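Asker: Produce the complete structure using the sequences and hints provided.
Chain by chain, the residues:
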Amino acid sequence: MAFDADLLRRYDRPGPRYTSYPTAPQFHEDFGERELREVATASNGDPIPRRLSLYVHVPFCLNPCFYCGCNRIITRDLSRAETYLARLYREIDLTAAMFDRDREVIQLHFGGGTPNFLSPLQLREVVDTLRRQFHLSDSRHREVSIELDPRFISPADVAELATIGFNRASLGVQDFDPLVQAAVNRIQSVEQTLAVIDACRASGFRSINVDLIYGLPKQNPDGFARTLDTIVDVRPDRIAVYGYAHLPDLFKAQKQIDAADLPTAEVKLGLLQLAIEKLTGAGYVYIGMDHFALPDDDLAQAQARGGLHRNFMGYTTHADSDLVGLGVSAISHIGDSFSQNPRDLIRWQAAIDEGRLPVFRGMRLSEDDQLRADLIQRLMCQGEIPITALERRYAVDFKSYFAEELIKLQALVADGLVRIEPERIQATALGRLLLRNIAMCFDNYLDQPVTATPRYSRAI
Amino acid sequence: MAGPLSQPTFPRPNPKLVADDGDTLRFCSTCAFSQACLAEGMDKRSLMDLHVLVEHVGPLHAGDHIFREGDPFDAIAAVRGGTVKTYVVDRDGHEHVLGFHLPGEVIGLNAIDGDHYPCNAVALDTVMLCRFSFPKIAVLAARLPGLQKHLFRLLSRDIGSATLLSGDWTADQRMAAFLIGLSRRLAARGFSPSRFALTMARTDIANYLRLAPETVSRVLRRFQRDGLVSVDRREVELLGREPLESLAAPILRE
Numbered sequence: 003m004a005f006d007a008d009l010l011r012r013y014d015r016p017g018p019r020y021t022s023y024p025t026a027p028q029f030h031e032d033f034g035e036r037e038l039r040e041v042a043t044a045s046n047g048d049p050i051p052r053r054l055s056l057y058v059h060v061p062f063c064l065n066p067c068f069y070c071g072c073n074r075i076i077t078r079d080l081s082r083a084e085t086y087l088a089r090l091y092r093e094i095d096l097t098a099a100m101f102d103r104d105r106e107v108i109q110l111h112f113g114g115g116t117p118n119f120l121s122p123l124q125l126r127e128v129v130d131t132l133r134r135q136f137h138l139s140d141s142r143h144r145e146v147s148i149e150l151d152p153r154f155i156s157p158a159d160v161a162e163l164a165t166i167g168f169n170r171a172s173l174g175v176q177d178f179d180p181l182v183q184a185a186v187n188r189i190q191s192v193e194q195t196l197a198v199i200d201a202c203r204a205s206g207f208r209s210i211n212v213d214l215i216y217g218l219p220k221q222n223p224d225g226f227a228r229t230l231d232t233i234v235d236v237r238p239d240r241i242a243v244y245g246y247a248h249l250p251d252l253f254k255a256q257k258q259i260d261a262a263d264l265p266t267a268e269v270k271l272g273l274l275q276l277a278i279e280k281l282t283g284a285g286y287v288y289i290g291m292d293h294f295a296l297p298d299d300d301l302a303q304a305q306a307r308g309g310l311h312r313n314f315m316g317y318t319t320h321a322d323s324d325l326v327g328l329g330v331s332a333i334s335h336i337g338d339s340f341s342q343n344p345r346d347l348i349r350w351q352a353a354i355d356e357g358r359l360p361v362f363r364g365m366r367l368s369e370d371d372q373l374r375a376d377l378i379q380r381l382m383c384q385g386e387i388p389i390t391a392l393e394r395r396y397a398v399d400f401k402s403y404f405a406e407e408l409i410k411l412q413a414l415v416a417d418g419l420v421r422i423e424p425e426r427i428q429a430t431a432l433g434r435l436l437l438r439n440i441a442m443c444f445d446n447y448l449d450q451p452v453t454a455t456p457r458y459s460r461a462i
Numbered sequence: 161m162a163g164p165l166s167q168p169t170f171p172r173p174n175p176k177l178v179a180d181d182g183d184t185l186r187f188c189s190t191c192a193f194s195q196a197c198l199a200e201g202m203d204k205r206s207l208m209d210l211h212v213l214v215e216h217v218g219p220l221h222a223g224d225h226i227f228r229e230g231d232p233f234d235a236i237a238a239v240r241g242g243t244v245k246t247y248v249v250d251r252d253g254h255e256h257v258l259g260f261h262l263p264g265e266v267i268g269l270n271a272i273d274g275d276h277y278p279c280n281a282v283a284l285d286t287v288m289l290c291r292f293s294f295p296k297i298a299v300l301a302a303r304l305p306g307l308q309k310h311l312f313r314l315l316s317r318d319i320g321s322a323t324l325l326s327g328d329w330t331a332d333q334r335m336a337a338f339l340i341g342l343s344r345r346l347a348a349r350g351f352s353p354s355r356f357a358l359t360m361a362r363t364d365i366a367n368y369l370r371l372a373p374e375t376v377s378r379v380l381r382r383f384q385r386d387g388l389v390s391v392d393r394r395e396v397e398l399l400g401r402e403p404l405e406s407l408a409a410p411i412l413r414e
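One line per chain: the protein sequences are E and P, in this order.
Heads up: take any position in the first sequence, counting from 1, add 2, and you land on our numbering.
Heads up: take any position in the second sequence, counting from 1, add 160, and you land on our numbering.
Honestly, the hints are just simulated from the structure, not real lab data.
Please read these numbers as outputs of a predicted model, since none were measured by experiment.
Worth double-checking, as some hints may not be accurate.
Claimed, not checked - Example chain E residues on the side facing chain P (calculated, C-beta under 10 Å, incomplete):
{"id": "1", "residue": "Pro51"}
{"id": "2", "residue": "Glu127"}
{"id": "3", "residue": "Asp338"}
To be verified - Covered stretches of chain P, as calculated for chain E (at least 3 residues, CB under 8 Å):
{"id": "4", "stretch": "352–366"}
{"id": "5", "stretch": "380–391"}
Here a beta-carbon is modelled for each residue, glycine too, at the ideal position from N, C-alpha and C.
Answerer: Spelled out as structure tokens, the structure:
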């Protein structure tokens, strides 16, 4: 693929990553516990109620990575896990009671923060608690996944996780270049990383994902190429290559990064190009939005048969599930609603201590929201917008409904990002790198800024 | 609007897709009485002149009660939009669903022989009603033999549908009869017979069909696997009409 640097720079503007549509800034505080209970009850009322996906947020990290934009709490006090878990179990009680018991849990994911801030024993206790309160599927398709910081887990612990039922792991790597690691305050050796990957394989984990980041301070093509080669050699099933978003006003930790150390737009683009070449050259399939997978991985297979979906946990093969978020800052997607727990520990704890569901904001999707969410979802997952299918499903005439959007899209057609065909709008190879720019044309909220602060990272 | 959905799906909160309202001259397209009245040569204007019709009620919202068991009976109502559930609560506090009433169908008929409503009626979604004062419509029926006949027909249909499910049927037969029954009733009012929304909750369907909620889902999942239906949230599409019809035939007997 030929890169037109000028063109890519023009499209490098802030935009949402569309793990949800509408995006979190649109959630509002009128949506509270009562509304959440209503949508949960309604979701039980579907003739075939959706299965459930559970997300558990573990907010603690032992050490601050300067690039991080996640909701996390830095502490070395391991006892904080116990007080957190006590609240989490009460939240699980309150939440599980809302859902009919025959609704299978098909996906369970631990994210953070650093989920392995919890000991294997504590993680076992959480899974056991969930198993008592929810109906965990026995299906071999059930995914139990965890984000791991390879610096703080031993191969023996990994084996222990497998006995709890964990079968997917996602490892943060970012870059092995020591200069970059020093600049982002994350010193992590190749050896300890590969030891964890080996331990995952040896204990029977079905899938291993590795996260890399391009655009970090001090990053350069030589160092990043070595990182890519090292990772490709061990052939993880999935590799995510995220663009670093420098938004120090939004994410405090990033204030520690000297903006002068950041690569220029050209270098950053070169790093992305390098990643694409190396990974596709090594046989990885580009899934879309930063994600690559081996052709026999579930994600690549699901994409081939049109069964790929995207939620707050990233890409997934489990479409027909309601997502239940547990823990501080966790987001739920139940029925046609989004909702989110308080982002600070104090408010989350206070709600639970009062016996309330700790939801602090959310929204119900209108029919227009649902149509656009579906459209963006299909674009992100299949690289195309199926006009006819959407018309049929939502009883709209695409051309007149999206008349303004189609005008906006003309510029993207001229730049070779999309092709408009009678039955579909197709992202070109170039357009698949810029899916969020295409999606932004269909975002009904982008023209209504919530605040003056830039809330979204840049597209590349 | 073009395409396969030009036939309205039922029911959507979108007012564009609710059956069209009548005006002072025309009956609503779902009017339960228009045929009876037109056959008697009474158009809507003459009915208005007789001060009989028509009180439009609504919108009511999901969970709003239209009447409760024991309320004094003074009116019957035709559903113009949405779905109404009728039910009773037994001595042990258990709810028993009597039926679901779609646009064009009449509720309150089973109160005709008494002074009080013998059941509860609740809106399952956004419901629009057409209210008929019963004393007035009774007077009118005396003057219009066709209307009286029509009322009797509605009444007997109401009694008949309640006894359909009391037989010794399998879960598959019950579910097929439920889907085919809904499809026929919707088709009779000009809605799509093959694609519609189930506005009632799974527990209500289960209660009505005398099945466990898990069984409702299990049967539908199997129907879906066998290509008889496609279920997306509350939307159902009937794909294998013939096998469903033959499953339902012993119950529907038509």
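Asker: It remains to establish, for every hint, whether it holds in the given structure.
Answerer: Hint-by-hint comparison with the structure:
A least Cβ separation of about 7 Å between Pro51/E and chain P falls short of the 10 Å threshold, and the interface hint therefore holds. With a least beta-carbon distance of about 29 Å to chain P, the hint placing Glu127/E at the interface is violated under the 10 Å criterion. A cut of 10 Å between beta carbons decides the hint on Asp338/E: the least distance to chain P is about 9 Å, and the hint holds. By the rule of at least three residues with a Cβ nearer than 8 Å to a Cβ of chain E, the coverage given for the stretch 352–366 of chain P holds, with 7 such residues.
Coverage of the stretch 380–391 of chain P by chain E holds. Counting CB-CB distances below 8 Å, 4 residues qualify, and the rule asks for three or more.
Of the hints listed earlier, the one the structure fails to meet is number 2.
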